[in-house]
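**Student:** Given next are the chains, with one letter for each unit.
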Amino acid sequence: ELKVEQNPLFLSMQEGKNYTIYCNYSTTSDRLYWYRQDPGKSLESLFVLLSNGAVKQEGRLMASLDTKARLSTLHITAAVHDLSATYFCAVDLMYSGGGADGLTFGKGTHLIIQP
Amino acid sequence: DAGVIQSPRHEVTEMGQEVTLRCKPISGHDYLFWYRQTMMRGLELLIYFNNNVPIDDSGMPEDRFSAKMPNASFSTLKIQPSEPRDSAVYFCASSIWNTQYFGPGTRLTVL
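Line order of the protein sequences matches chains A and B. Just add 5 to wherever you are in the first sequence, counting from 1, and you've got the numbering used here. Just add 470 to wherever you are in the second sequence, counting from 1, and you've got the numbering used here.
Derived from the structure by calculation, the hints contain no laboratory data. Every clue listed holds true.
So these bits of chain A aren't anywhere near chain B, every CB distance computed over 10 Å:
#: 1; residue: 13
#: 2; residue: 34
#: 3; residue: 64
The calculated BS3-like cross-link candidates involving lysine-lysine, where the alpha carbons are at most 27 Å apart (straight line), are:
#: 4; chain 1: A; residue 1: 46; chain 2: B; residue 2: 538
#: 5; chain 1: B; residue 1: 548; chain 2: A; residue 2: 112
#: 6; chain 1: A; residue 1: 8; chain 2: A; residue 2: 61
#: 7; chain 1: A; residue 1: 46; chain 2: B; residue 2: 494
Just so it is clear, CB atoms sit at the ideal spot from N, CA and C, and this is done for glycine as well.
Only chain A is shown next, with the shape it has when bound in the complex:
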């Protein structure tokens, strides 16, 4: 059974600071996703990481994937209040290489950024 673990599950930080959210998963997969969810809202896709060593950046967020360590990180640079949300990582149960599969999600990291 695929397990996806995020840490921390709760993070309160000040604006301007840097921090990293970690996502470990238990079985081989080459495809990892990061989503953002605001309270009462749906999930918004942030990054899709498709290979070992993949790194993607969007604004103050940067995600990376190390498939050998089964680890992905989401790094926040100079945090601003608008980044307050819950962040989920998710992994394919089985990446067939030719299609899509259902996602196994971590429990989410509830991020609060205070002025």
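Given chain A, work out where chain B should sit, using these hints.
**Tutor:** Quick look at chain B alone, frame taken from chain A:
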């Protein structure tokens, strides 16, 4: 594009009643997924379809749950009979390649 459309957005029903949730995927997407989100269990995959065919329904919790996709633009998730523990937000998502796009969700409350 309008994105993934789900209806109703909110549903309140009594235990024992039948509940039907509806989803219209993004046009051209060939995968459709149903997920459930609760505080206790987080986000769970229930079932997914490829080209209208169910591929994996191992996440469907009980026989009370059923899902159909009669055509490429419509899917339903039915719960019969509903129970209070079915209360959750149910998300539908669709994809064509790598990224799954989620609908706004249906918040179900079973009294």
